[in-house]
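Chemist: If you read the protein sequences in the order shown, they are chains A, B, C, D and E. Note that the working numbering has the first sequence beginning at 1, numbered continuously upward. Note that the working numbering has the second sequence beginning at 461, numbered continuously upward. Note that the working numbering has the third sequence beginning at 1231, numbered continuously upward. Note that the working numbering has the fourth sequence beginning at 1407, numbered continuously upward. Note that the working numbering has the fifth sequence beginning at 1691, numbered continuously upward.
For the record, the hints were derived by calculation from the structure and aren't laboratory data. Treat the hints with care, since some could be wrong.
Have a look at the derived ranges for each label pair, beta carbon to beta carbon [what the hints assert, rightly or not]:
#1 His-1608/D with Ala-308/A: 55 to 65 Å
#2 Lys-1796/E with Asp-876/B: 48 to 58 Å
#3 Pro-1286/C with Lys-15/A: 31 to 41 Å
#4 Glu-1794/E with Arg-601/B: 23 to 33 Å
#5 Ala-771/B with Gln-1645/D: 34 to 44 Å
#6 Asp-1651/D with Ala-770/B: 22 to 32 Å
#7 Glu-1794/E with Gly-881/B: 32 to 42 Å
#8 Glu-1794/E with Asp-969/B: 19 to 29 Å
Below, simulated DSSO-like cross-link-like pairs (lysine-lysine); rule was C-alpha separation at most 30 Å, straight line [what the hints assert, rightly or not]:
#9 Lys-1797/E with Lys-963/B
#10 Lys-1213/B with Lys-1601/D
#11 Lys-524/B with Lys-1897/E
#12 Lys-286/A with Lys-275/A
#13 Lys-1796/E with Lys-963/B
#14 Lys-1897/E with Lys-1597/D
#15 Lys-1323/C with Lys-1864/E
#16 Lys-1636/D with Lys-1214/B
#17 Lys-319/A with Lys-12/A
#18 Lys-275/A with Lys-1265/C
#19 Lys-444/A with Lys-1368/C
#20 Lys-1650/D with Lys-1214/B
#21 Lys-1802/E with Lys-524/B
#22 Lys-694/B with Lys-1597/D
#23 Lys-1223/B with Lys-1636/D
#24 Lys-1650/D with Lys-1225/B
#25 Lys-1225/B with Lys-1642/D
#26 Lys-1639/D with Lys-1650/D
#27 Lys-189/A with Lys-1323/C
#28 Lys-1597/D with Lys-1743/E
#29 Lys-1597/D with Lys-1030/B
#30 Lys-1213/B with Lys-1597/D
#31 Lys-618/B with Lys-793/B
#32 Lys-1601/D with Lys-1864/E
#33 Lys-524/B with Lys-1743/E
#34 Lys-1192/B with Lys-1176/B
#35 Lys-1796/E with Lys-524/B
#36 Lys-1743/E with Lys-1802/E
#37 Lys-319/A with Lys-1323/C
Don't be surprised by glycine CBs; every beta carbon is placed ideally from N, CA and C.
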Amino acid sequence: MNDIREDIAWAKINKDVLKSLENPRKLFWVILLIAIAAVGVAVGCEVYQYTVGLGVANFSNPHVWGLYIATFIFWIGMSHSGTLLSAILHLMHADWRKPIYRFAEAMTTFSLMTAGLFVAVHLGRVWQIYYALPYPNGRQVWPNFQSPLLWDAMAIFTYLSSSILFLYVGMIPDLAICRDNMNPGWRRKLYTVLALGWEGTDRQWRNFRVTYLTIACFLIPLAVSVHSIVASDFAMSQQPGWHITSFPPYFVAGALYSGCAAIITLFIILRYVFKFEEYMTLPILKKIVRLTFAIAMVWTYLNLIEYAAVWYGHDQASKDVLIQKMVGPYAPFWWTMNICGSVVPFIMFFKRFQTHIPVLFAVSLLLNLGMWLERWMIVAPTFSHGYYPWTWDHDQWPSLVQWGIVFGSFGWFTLLFMVFCKVFPSVSMYEVKEMVYHRSQATKKLEATGKLAASGKGAH
Amino acid sequence: MNSGSIKQLKKPLAIRLGEQTVLAKSLVMAEHPFDRRDFLKVLGWGGAAVALSGCGNGSVEDGKETVVSYVETNDYMIPSISVYFNSTCTQCDAGCSITGRIREGRVLKLEGNPDSTINRGKTCGLGQAGVQHHYNPDRVREPLLRTGDSGEAITWEKAYALIAEKMKDVSGEEIAFLSGGVSGHLKVLLGNYLDSFRSKNHFVYEAIAPAVMRAANKKSYGVEMPRFNISKAKVVLSFGADFLGAWVSPVHFSQQYAQFRKGDEDGQRGVLVQIESKMTLTGANADRWLVVRPGTEGILALGIINALGAAGLRLSGDVAGAVKGYDKARVSKDTGVSAEQIDKIVALLKARTPSLVLAGSAAEGYAHGSQNAAAINLLNQVLGNVGKTVEAAEVVPFPQMAPTTGNTAALKKLNDGLAAGKYKVLFSYAANPVFTAPGAMKFKDNLAKAGFKVVFAHYLDETALQADLVLPLDSALEDWGTQVPEYLATCAQINIQQPLMEKLHANTDGKGTRGMGDILLTLLKQRRAEEYKGFADYYAYLRGALLKNKVALGGHKVDDDTFWNETLSKGIIKLEGHVSALSSRSGTAGLSLPSPAAIDAQYPLQLIPSVNASLRDGRHTNQPWLQESPDPLTTIVWDSWVEIHPRKAAELGIEEGDIVEVTGKNGSVKVQAYLFPGIHPDAISIPLGRGHEALGRYAKGYGVNPFQILDAVFDKETGELALHETRVKVSKTGSRVIVVKDEGPVGGRQMGKKIAARLPSDKVKLSEEI
Amino acid sequence: MSKRHLLALFSNFDEAEAVVQELRAVNLKGFDADKDMIVKSPIEHPEVEEFVGDKPVYVQWFTLVGALTGGLLAFTLISASQGNFFAQLKGGKPIVPFPPNFVLTYEMFILGGVYISVLGFLICAGLPARRSPLYSAKVSEDQIGILVQADESASSSLKSIFTKHQALEIQEEAGK
Amino acid sequence: MSVTSLLENYSEFRHFHPVDDVPHNPYKWAMSIDLDACSGCNACSVACYAENNLPVVGREGFAHGQAMHWMRIERYWDEDGREFPDQGAQFLPMMCQQCEAAPCETVCPVGATNHTPDGINSQIYNRCIGSRYCSANCPYKVRYFNWYDYPTTDNVWPAEMNQQLNPDVTVRGKGVMEKCTFCIQRVTVAKNNAKNEGRLIHDGDVQTACQQACPTSAISFGNLVDPESKVYKQWKAQQVELDKDAQIKDKEEGGSELRGYRIFEELRPYPSVMYLERVRESAV
Amino acid sequence: MHRFLRLSVLLMGLFAAVGSYAADAPQSEPMTEDDLGPAIEQPIEFPHVRHAKDMQINCMYCHTYARRSAVAGIPPLQKCIGCHNWIDSVKDKPRIKTLFEYWEAKKAIPWKKVHDLPDFVRFNHERHIKRFYFQLNRPVQEVCGYCHGDVKEMTVARRQKLLSMGWCVACHQKDHPVTAEGGTPIGNQAYWYGMRKPLIDVSGIIKAKGPNDCSVCHK
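The following block holds chain A by itself, in its conformation from the complex (with noise of 0.2 Å):
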């Protein structure tokens, strides 16, 4: 179990991570074409249901929002793991984290850019989205801007343009990297716009710093507000399992932990299918499913909070839907929900575990499942169990056109991430040479000053 050489040379970097660049494999075309033909099914489920009308979905009157909502949930919560490791770890100078946010915060842009989707391919007229975007118009109307779903809308966008654009600027140095190694070709034409003339001056390294650290300290707050902002859709509504305070945190802890989960996944097969262990090593992955463990059990702590809260509080209402999650149509989703987030956590418990990557697959998969589950579970048991006990319907089984629709929404986040992974460095370059940098300084500082074999190895 070996963290990364703090000999290693900084050459060897930039050609491992730059061969991540290189013509792929046929396993690649493989998994992407599977990634197409599952994003044609959504895209053949989508146009199917604009010419026809929602109804293909089968939504009931009482029942309106069903899994794509759910999963609209499910992809921003799973972007919250890129500003967790790239802003909350930055500013707390984990510096473990630089092998591997860029591929988080890849993954937090692109699983917003899936969740955007599902707002359109939920609306009855999509046709009329344009209704709901604040610009002066012929009309002359705004939208509703005491709408949640407006407040939505501005949130996912400022925090998928901030997302984009931190990524971005996070990668520019690695852009100027490209640029200078590659062959004359589009690509370097590409690098070399993309790159904006970076060299690495002083002055530019100056501002880029501060620079960075700005975005990550906007990210934060950005971050926690998107996502209880997501969960005032409910939280702010009157309906029974949905108006209850503590779903702004538990939106926000459910993220961060579907979004670990997810990082842990995407570690995994980066690592298998880049060949990167040296860089993405299991120390690191340690690290990453000691702070999964963790969220997971804030989340387990507030999710159990809510259920107490719902059931030692008046509400009756709430009650009963509680109940019904447990035992009626529902229970098997809820608690298969409940035992892949709460329970299957403390596999990771076990040191044995948490460097066992097949086991560690095989848990981040089903953490994922659950935490999906869970956004399922909170949108559909009220709809069929709300305030009014005439309009309570049997279980509105999702047909077949939403679950083609949300199978694709993973297809196309492949699409995208493998597409991401092929044209930018999914490793960051200069961050790993800074962070062997350091450690390597640290070491030495620790050997001049006699004090490493007190402390043991590492500096971090």
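With chain A fixed as given, assemble chains B, C, D and E onto it according to the hints.
Modeler: The following block gives chains B, C, D and E in isolation, referenced to the frame of chain A:
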């Protein structure tokens, strides 16, 4: 913009229409009798429907739509402003007067005519759906002639010629004319037509008419249809009379019911006790709904009389004799109503007067139905309600126009005649016996024995499909006519039916639809050309006929045109009817009620074919609003169901949505089960009206037709079909469906929430309310 | 007086620092260490800023301005549009309700902050920039480059400073 | 200038209603429904179909819970475990309650549903983009979404039936939310007529389709700020006020003689429909 | 340093400008006031110029429904004939001949809609005529011209105004006098639309805006 929609519906309507509308036109009318219809012409004012454009922003699109203005018009015809014409609803026989809202020549909606004493501006769901009868896409649009197995569209000329040819040498005995209940001038014309052949074979058939009650009333009170003053009663004891749903004149009774509940005079709220085996809409509104063993309603009535006597009410000798032996213990055993409950009812009846006892079809649909009705009427007499809450109704002083009420005995007679091959020509109008006759009667097979079958039809219903010649009829909103309702509310009245818009299926090239009156007139002209040559059409006939009796109709002071136009604008002619006194003798003669039959081991359950307020006997099933209007009690739509009591269902292992096979002696139907607490455990109920094999796109293939499996049992006295006398067994088929209904899976429970709240009557003071 | 550029590459920061210290101390005609010297490095190395000299960063001012205007803009825009002709009652709330407007103001505050920071970064860092006359791909790999510009006359002294500190490579701009 | 307008009218824009002295002037449309009179006959529901161009969704649609009945009649059974419902059933006509503090209005992202100055919760079909948030937030679940394009779907309105459609009411295409509007088209016409005559609408000038049809006259509709109107009198007699969230009688021992209540008052949407409790005879 | 401050101030100014433009845009006039609609071919090329300008016929003589109905209406053919029957001088003109052909066949003339608002819009001619013609005593051609442009100069009418929602709204948010000298107040103007106070200008004229509630125009 329908300027003045509501304002005009109130009082000024008649004046407005009377003075401006019709008067203005009347100047021209003499020369062009058809002008009346001209200004109902559909005006192409843009598209018929206003649509939310599917895509895009709905921007201004110049030059795409066409505006068609009138060639000639009257001042009051203003585009985008509605005009209102009065007519009569023909969706059922109650004779409600309606006001049609007409815009740009299209009738859009039917409202109740506030001047009508029957419905006083109100309508029921069935009446509202009248426009869907008119605009129905499945209406027959041209005369159809059967050639072998297929039909062929022919012209009216050809059709008339064909009838004339077929009628050339048939005797009056060989003609049969089957119709639903008819009244007014149509009845006169129809009678005259049959008369021209010296035929007496007019079979007036209604599948669910209160014919047993008529006979019983005649016996008990001396009139067939007295007036029931629900609003004056303090207690209504109803033996299966669904007067809020489908019984006699539901809209009128509903209003009375509302007054009865409010206690308009003294603030004392009326109490409704409903006694029946299967809960009807009225039962659901009762303060006390008593489930009774099917067929034992008469026993209970006699038991109540007995108990009343025991409680101190003076009974005359013959009554006391008749009810002797109906002591509480026996009655309670026979009917399943507890003695305690009988005591409560007796106490209630004694405490509050006047009361009203109603005998409804649920009590009468047995082989001893007449006996049941007589026993129930006897209760009314004993309680002294006759003359108070049961009053003599006024009668329209034109007996030739009085309604010919339908019954099922006529069907039996016709069926027997058909089976014997007696008829060479059969006409059928406003009846669908192939659908509504009990399967056991084999009507369809017998019908084939008739030589030439002419069916006057709006739709290609089951009977029309068997016809040799189908003649398409105008809808009620396109046709002229007069009607005399059977149940007259406060005064005698003749209802006017007039076109509310131009014919939808125009008479071009000899095709299109025609009014029944016009057809009869044409047919009559084939026989008595001289007598009827003065009448260009039914409109002219009607106008002439009414003007002839102008004085009797209350128009002695005005000239013909004014009278005619006022009549049209009002839509009703109110008359001084004559009243015959009710007889007060108690009808105990011949009263003998059989003990409840032992349960048949093979067919243990009593089948109650229930009458749904909106579908009735199924003639309106093709109106999608009615199909989608949930049954009030089960909230099921678009399908049939069988109601089973949960206890029975548990015994049989049946759950909601199980497809069960209901088998009787005369066949079986497969239908979804619905567990319904409001039914006697020994009975099951299937609603009538669905299960069409024809009729149209909204009716065909939805549900089952319980008429099919009815046994042909008849009431012993009147010969009426005993609808409730079929015994069946129920077995599971193993397949299941999800019942399509409006109520959620909690089945109409409020789950502890205050949604539909209620109070006991001693907690409210209705007299202080507004 | 034409200026000429020199680029020297070093293998580690210690030597680069020494060079820089020396260059700042040296007094050459037409060479001002504050203006004419640029240190290029493959990684962000905060120490570089220290030894290169006090050069303030202004990005945070952009951030402040951007965030404040963003927030202000949002609040005015939203309140004004709510109070414009389409003043519509909704849910029994005032027409210009504060809580939702604050949420949106907050979002726009961040949006403005981030956007203008990036804009400020580009402006302050002089990006997008044209490539400087001397550049080596080694800088983006593992070497530290020091780019100086000075009068032709000074180039030899500069060169000597570089060589003294074991410059791996010295590039010289071709003379005009 | 909207900024100017904002500054000029700032205090108005910050006004709360209905806590204001006069919630709406001169009109506030409201209803009262007497459950003791309602017989559950469904006439109101069919009348609503006729007046408001409601599509018939057919058996399949209904099975999927996609029915469009703006006015639905609910039937409740007693829950005391009797074998037979010997106190009858309870019927409740349920339609949009036109809440004063409507939960649906605030959440619409495009402002397609607003409160009109006369207190009707209006639905602007063309503005709707179909996010269905309003329905999600409605405690009564009385908002209905067009899951399909009913106007063009087979057999909903074949060519002939098209002609019955009310030109004063938009035919909704797919993806649009709709609900009971208190027959706003009739209100508009009545207002127009009243204006022409230089007066306010009198009680009875405007009837909703359901009210007009109702055979038992269980539904009253009118102007709640007009002391002459029946609805005003009924509300007053029952001591029901728009901005109350509970009935006094519910707090008293042993109940009182008042029947008025509004559904889910405790959620404080301030519904504009008052129901009068059904009465059951205590003697039997 | 100063450079950056200057830049910041500039940026702030730019933002403020954009912001206030955006915030005020809904209140401003639409960009194209005159938006000439497409030329429309009508069954008869009706010369508005002859009738309205040369003959000085009041618009509402023919479009008689405008003052009592939501739609202005096309006059019934009867009305055209009513006059033209007596005008022998033009009887042999081709347009008049076509007119009589329709009349003799008793066929309605299929006019094309020129000002065709979307179906979900409820525009009431009556209210506008009442407001501006009867109440404020504005000349009829001006009142009709608010929306229809200068029809009296046209042969076949052609759309001259934008008729977009913003265009309608721009007028509704103007302060129009409630009464004019000699005008009669319509209705009991006891209430004001849309949370706005009525405005009383220096000369004491009460002014009010048009209704601003969505459901007034959208059905």
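Chemist: State for each hint whether it applies.
Modeler: The hints, checked one at a time:
no. : hint                                  : verdict
1   : His-1608/D with Ala-308/A: 55 to 65 Å : holds (57 Å)
2   : Lys-1796/E with Asp-876/B: 48 to 58 Å : holds (55 Å)
3   : Pro-1286/C with Lys-15/A: 31 to 41 Å  : holds (37 Å)
4   : Glu-1794/E with Arg-601/B: 23 to 33 Å : holds (30 Å)
5   : Ala-771/B with Gln-1645/D: 34 to 44 Å : holds (42 Å)
6   : Asp-1651/D with Ala-770/B: 22 to 32 Å : violated (53 Å)
7   : Glu-1794/E with Gly-881/B: 32 to 42 Å : violated (59 Å)
8   : Glu-1794/E with Asp-969/B: 19 to 29 Å : holds (23 Å)
9   : Lys-1797/E with Lys-963/B             : holds (18 Å)
10  : Lys-1213/B with Lys-1601/D            : violated (43 Å)
11  : Lys-524/B with Lys-1897/E             : violated (38 Å)
12  : Lys-286/A with Lys-275/A              : holds (18 Å)
13  : Lys-1796/E with Lys-963/B             : holds (19 Å)
14  : Lys-1897/E with Lys-1597/D            : holds (21 Å)
15  : Lys-1323/C with Lys-1864/E            : holds (26 Å)
16  : Lys-1636/D with Lys-1214/B            : holds (25 Å)
17  : Lys-319/A with Lys-12/A               : violated (60 Å)
18  : Lys-275/A with Lys-1265/C             : violated (44 Å)
19  : Lys-444/A with Lys-1368/C             : holds (25 Å)
20  : Lys-1650/D with Lys-1214/B            : holds (16 Å)
21  : Lys-1802/E with Lys-524/B             : holds (7 Å)
22  : Lys-694/B with Lys-1597/D             : violated (42 Å)
23  : Lys-1223/B with Lys-1636/D            : holds (23 Å)
24  : Lys-1650/D with Lys-1225/B            : holds (23 Å)
25  : Lys-1225/B with Lys-1642/D            : holds (15 Å)
26  : Lys-1639/D with Lys-1650/D            : holds (17 Å)
27  : Lys-189/A with Lys-1323/C             : violated (55 Å)
28  : Lys-1597/D with Lys-1743/E            : violated (35 Å)
29  : Lys-1597/D with Lys-1030/B            : holds (27 Å)
30  : Lys-1213/B with Lys-1597/D            : violated (38 Å)
31  : Lys-618/B with Lys-793/B              : violated (65 Å)
32  : Lys-1601/D with Lys-1864/E            : holds (21 Å)
33  : Lys-524/B with Lys-1743/E             : holds (28 Å)
34  : Lys-1192/B with Lys-1176/B            : violated (35 Å)
35  : Lys-1796/E with Lys-524/B             : holds (24 Å)
36  : Lys-1743/E with Lys-1802/E            : holds (22 Å)
37  : Lys-319/A with Lys-1323/C             : holds (28 Å)
This entry does not satisfy hints 6, 7, 10, 11, 17, 18, 22, 27, 28, 30, 31 and 34, going by the numbered hints stated previously.
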